[in-house]
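Enquirer: Below, each chain spelled out in residue letters.
Number of protein chains: 2
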Amino acid sequence: MTRVRVAVDAMGGDRAPEEIVAGALAARSDTVEPVLFGRRELLEPIAEGLDIFHAPTVVGMHEKPADAAREKRDSSLFAACRAVGEGDADVVVSAGNTGALLAAGLLEIRRLPDVYRPALAVPIPAQRGPSVLIDAGANADARPEHLLQFGYMGSIFAEEILEIEEPEVKLLSIGEEPDKGNRLTREAHPLLVASGLRFAGNTESRDLLAGAADVVVCDGFTGNVVLKSLEGTIMTVLSALREEMLESRRGKVGGLLIRGAARGLKRRLDPDTYGGAYLLGLRGLLVKAHGNSSRAAIANAIALGARGVSGGVVARLAGRLGDHAGLRR
Amino acid sequence: MTRVRVAVDAMGGDRAPEEIVAGALAARSDTVEPVLFGRRELLEPIAEGLDIFHAPTVVGMHEKPADAAREKRDSSLFAACRAVGEGDADVVVSAGNTGALLAAGLLEIRRLPDVYRPALAVPIPAQRGPSVLIDAGANADARPEHLLQFGYMGSIFAEEILEIEEPEVKLLSIGEEPDKGNRLTREAHPLLVASGLRFAGNTESRDLLAGAADVVVCDGFTGNVVLKSLEGTIMTVLSALREEMLESRRGKVGGLLIRGAARGLKRRLDPDTYGGAYLLGLRGLLVKAHGNSSRAAIANAIALGARGVSGGVVARLAGRLGDHAGLRR
Numbered sequence: 001m002t003r004v005r006v007a008v009d010a011m012g013g014d015r016a017p018e019e020i021v022a023g024a025l026a027a028r029s030d031t032v033e034p035v036l037f038g039r040r041e042l043l044e045p046i047a048e049g050l051d052i053f054h055a056p057t058v059v060g061m062h063e064k065p066a067d068a069a070r071e072k073r074d075s076s077l078f079a080a081c082r083a084v085g086e087g088d089a090d091v092v093v094s095a096g097n098t099g100a101l102l103a104a105g106l107l108e109i110r111r112l113p114d115v116y117r118p119a120l121a122v123p124i125p126a127q128r129g130p131s132v133l134i135d136a137g138a139n140a141d142a143r144p145e146h147l148l149q150f151g152y153m154g155s156i157f158a159e160e161i162l163e164i165e166e167p168e169v170k171l172l173s174i175g176e177e178p179d180k181g182n183r184l185t186r187e188a189h190p191l192l193v194a195s196g197l198r199f200a201g202n203t204e205s206r207d208l209l210a211g212a213a214d215v216v217v218c219d220g221f222t223g224n225v226v227l228k229s230l231e232g233t234i235m236t237v238l239s240a241l242r243e244e245m246l247e248s249r250r251g252k253v254g255g256l257l258i259r260g261a262a263r264g265l266k267r268r269l270d271p272d273t274y275g276g277a278y279l280l281g282l283r284g285l286l287v288k289a290h291g292n293s294s295r296a297a298i299a300n301a302i303a304l305g306a307r308g309v310s311g312g313v314v315a316r317l318a319g320r321l322g323d324h325a326g327l328r329r
Numbered sequence: 001m002t003r004v005r006v007a008v009d010a011m012g013g014d015r016a017p018e019e020i021v022a023g024a025l026a027a028r029s030d031t032v033e034p035v036l037f038g039r040r041e042l043l044e045p046i047a048e049g050l051d052i053f054h055a056p057t058v059v060g061m062h063e064k065p066a067d068a069a070r071e072k073r074d075s076s077l078f079a080a081c082r083a084v085g086e087g088d089a090d091v092v093v094s095a096g097n098t099g100a101l102l103a104a105g106l107l108e109i110r111r112l113p114d115v116y117r118p119a120l121a122v123p124i125p126a127q128r129g130p131s132v133l134i135d136a137g138a139n140a141d142a143r144p145e146h147l148l149q150f151g152y153m154g155s156i157f158a159e160e161i162l163e164i165e166e167p168e169v170k171l172l173s174i175g176e177e178p179d180k181g182n183r184l185t186r187e188a189h190p191l192l193v194a195s196g197l198r199f200a201g202n203t204e205s206r207d208l209l210a211g212a213a214d215v216v217v218c219d220g221f222t223g224n225v226v227l228k229s230l231e232g233t234i235m236t237v238l239s240a241l242r243e244e245m246l247e248s249r250r251g252k253v254g255g256l257l258i259r260g261a262a263r264g265l266k267r268r269l270d271p272d273t274y275g276g277a278y279l280l281g282l283r284g285l286l287v288k289a290h291g292n293s294s295r296a297a298i299a300n301a302i303a304l305g306a307r308g309v310s311g312g313v314v315a316r317l318a319g320r321l322g323d324h325a326g327l328r329r
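As given, the protein sequences belong to chains A and B, one line each in that order. Using the working numbering, count along the first sequence one by one with no gaps and you end on 329. Using the working numbering, count along the second sequence one by one with no gaps and you end on 329.
Simulated from the structure, these hints should not be mistaken for laboratory data. Heads up, some of the hints might be wrong.
The list cannot tell twin chains apart, which means a pair is met if one copy fits it or any two copies do.
Simulated pairs of lysine to any residue, SDA-like, Cα-Cα distance not exceeding 25 Å [said to hold, decoys possible]: (1) Lys64 <-> Asn292; (2) Lys64 <-> Arg206; (3) Lys180 <-> Arg111; (4) Lys228 <-> Arg15; (5) Lys64 <-> Glu187; (6) Lys252 <-> Pro56; (7) Lys64 <-> Lys228.
Only chain A is shown next, with the shape it has when bound in the complex (with noise of 0.2 Å):
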């Protein structure tokens, strides 16, 4: 058995290198190599043993996407994503500016062919088991066969990564009825009850978090914007709770007796869990982590990313968008 090459991009993110890299270290495995692209006088001291490819230049976190490609082909970002494209590894995993990542998957792994546009899907820890929302941001404005798209990438992600057999996908929009909508869910309701998937109709952001399908698809503008939502109420609940629990002696007690059970469902909600966001429909894997990822999570997210590897992800949405190819408009 060939152990799967991950490439990890270790100065991106808030806690570049060594959080990344210990996060590296704890993922490494009989099964996971990962290798690390960054400046080497930095990586040498803490790598313990892993390999090292040296890229001179680090995109910020906040450099426009335009001109990282232009300008820092060279970073450690870019680096690690055309190891990737040119065979040298499997699967990319970095905690860096998002807007490059996807301009580096773009440039240096290419669209397979039959994809119209990659998507980002990232996996929500609901209530009743994670659910793959896709297109979590990578296409602010999309077309209707795109959705489509999104649905065949959604469930392959979904059997493949989080291990969910026949796995139900629904359309997020803002009633139940095929009919309610906006032109976009409108028009490619149909296309998904055509699709051969396991589609079960529309679904409302209300039921997201309890769970609301395995496979939730949107398009990109809609899902950031229902992901950051999700982000943000949880954090502002859970802050608010504990400002009206200080107000009292009673609510202090209450919140020291509480605490195992908040710090539980923390760690439930928490989106590490999945390591963070895949863009799919590309000629390679690319795993997004958040970008203060802890140790813990680059381990989740390299462990998932090789998983991804091993369960053949990309040649099976090559197989699967090629059959539908015919729906290209």
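With the hints as your guide, set chain B onto chain A.
Expert: Only chain B this time, still in chain A's reference frame:
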């Protein structure tokens, strides 16, 4: 001083007519005169002297708006709106079918001359104070100039009904820079910059519940998705926390002690604090209360609707949008 006449759809909502009538009675004052629309034989025994206008039919909560508009013009919902359209009342309050209400607003009250599209304004109980989300679902597809008008309408609403001076307006997008977003937000941004409003750029859904701005502008699809996401996430987080607490003895005791704090939080986040959603851009005011509104929620909706009338919201909208009618394309 004349009393504000509020047309109340006494048959609309899950708890009609009892809770609706009780709310109307609670809201009756020297300045506010609720009048009831619905089946006289049901209302008379509980109306305690409120005026009753007999309406023989009722629009069901799940009836199709187009069907209701064709067959139920004699319903309490349409008759209450017609009273405003014909000048017999100043504002209508209904907890009934949202789609039917939008239709009844357009048919019976009609648009203001310079309004492209009426929009739903919903006050969000954000941590730092109320925030108006507009459009929360009336227009699933919108154009940039519609968003500009939503900005004007939301501002006047914030001033007159929420009593916020010089409200700050932001555009809901997926990044704070002007060029982040979809085609719609990128094109609406410069219109808002040139609007004369106190426009402060883009905001993200992450900040909505904490308090992003006094007025948050978006298309009705995005607004509805984000509103339902807020509601669903708050509910799911609180119920998940309860479940976590019930898993240990310690947590159970803590749960009892924080019950007051949790109730305080729920009350603070309760959308009924602000009476519901306001359809703006018609020749009269229309307040849509939650379907399962209690008497307190209905009383709030009536009081806030009356405040909108006293503040001259409709006349101010007409004036403000008339000033900018040159923007119409």
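Enquirer: Determine for every hint whether it applies to the structure shown.
Expert: Now the hints, each set against the structure:
| no. | hint | result |
| --- | --- | --- |
| 1 | Lys64 <-> Asn292 | within (19 Å within a copy, 47 Å between copies) |
| 2 | Lys64 <-> Arg206 | between (34 Å within a copy, 22 Å between copies) |
| 3 | Lys180 <-> Arg111 | between (33 Å within a copy, 23 Å between copies) |
| 4 | Lys228 <-> Arg15 | within (21 Å within a copy, 34 Å between copies) |
| 5 | Lys64 <-> Glu187 | between (34 Å within a copy, 20 Å between copies) |
| 6 | Lys252 <-> Pro56 | neither (51 Å within a copy, 55 Å between copies) |
| 7 | Lys64 <-> Lys228 | within (21 Å within a copy, 33 Å between copies) |
The structure fails to meet hint 6 from the earlier list, while all remaining hints are met.
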